[in-house]
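Asker: Listed here are the chains, written in short residue letters.
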Amino acid sequence: NAGVTQTPKFQVLKTGQSMTLQCAQDMNHNSMYWYRQDPGMGLRLIYYSASEGTTDKGEVPNGYNVSRLNKREFSLRLESAAPSQTSVYFCASNWQGTDTQYFGPGTRLTVL
Amino acid sequence: DAKTTQPPSMDCAEGRAANLPCNHSTISGNEYVYWYRQIHSQGPQYIIHGLKNNETNEMASLIITEDRKSSTLILPHATLRDTAVYYCILNSGGSNYKLTFGKGTLLTVNP
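Residue numbers (our numbering), protein chains in the order written: chain F, 165 to 276; chain C, 3 to 113.
I should point out that these hints are in silico values taken from the structure, not numbers from a laboratory.
In this text the structure is predicted, and so the values were computed from the model without any measurement.
Don't be surprised by glycine CBs; every beta carbon is placed ideally from N, CA and C.
Pair by pair, the computed Cβ-Cβ distance ranges are:
1) C/Gln47 - F/Ser182: 29 to 37 Å
2) F/Gly180 - C/Gly17: 46 to 54 Å
3) C/Lys71 - F/Gln181: 47 to 55 Å
4) C/Gly104 - F/Pro225: 15 to 23 Å
5) F/Gly204 - C/Asn56: 28 to 36 Å
6) F/Met183 - C/Gln44: 20 to 28 Å
7) C/Asn21 - F/Met205: 19 to 27 Å
8) C/Asn56 - F/Lys221: 30 to 38 Å
9) C/Met12 - F/Ser182: 36 to 44 Å
10) F/Pro225 - C/Asn32: 24 to 32 Å
11) F/Gly180 - C/Asn56: 51 to 59 Å
12) C/Asn55 - F/Met191: 22 to 30 Å
13) F/Glu216 - C/Gln47: 20 to 28 Å
14) C/Thr110 - F/Arg241: 36 to 44 Å
Extracted from the complex, chain F is given alone in its bound form:
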């Protein structure tokens, strides 16, 4: 039981490049989330998926797109990376109807 896994762990991009952050969970959770955390700050919600087939914007969705590929996987795409998107990205999941979220180890992204 790996919990929530994220790939890659580290990534460096140049401005304008695109990439997809992958997240998978093996806990059969309904809901999945993408957060970003800037230095010295708390986490901010980018997008979430309350259940398979649905996605909704969070607090800071601009510049990002998401895909809930199936119940296990929820990906985050940066179409044209900007230096302001340099951050640590965390994926999380939980059972629908509960508030206890389980987090992945994070992806550290630097945009030059």
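Chain C: place on chain F using the hints.
Answerer: Frame of chain F, contents of chain C only:
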């Protein structure tokens, strides 16, 4: 969701109890108090939550005042591995599962 107020940092001696306060004076009746922590460079970890009764689990105890305007997370015997940022979060559950993280309290456990 209502906001919470936490001190930015606290120190605690190893082996002693760590008491982390949280003010949430505008909490509404259906909001739970959640505590998460984030050890350096790792993803946040759930600790405990409660509505109005005190709660205890293998990690910590949560004391909520009778008026629910404040709460205290207690780590009974802090260890060096408990050094982390601790977040107090309010959430009403239901269809809104989104957690709003503030800056939290950096707890440093000293040997």
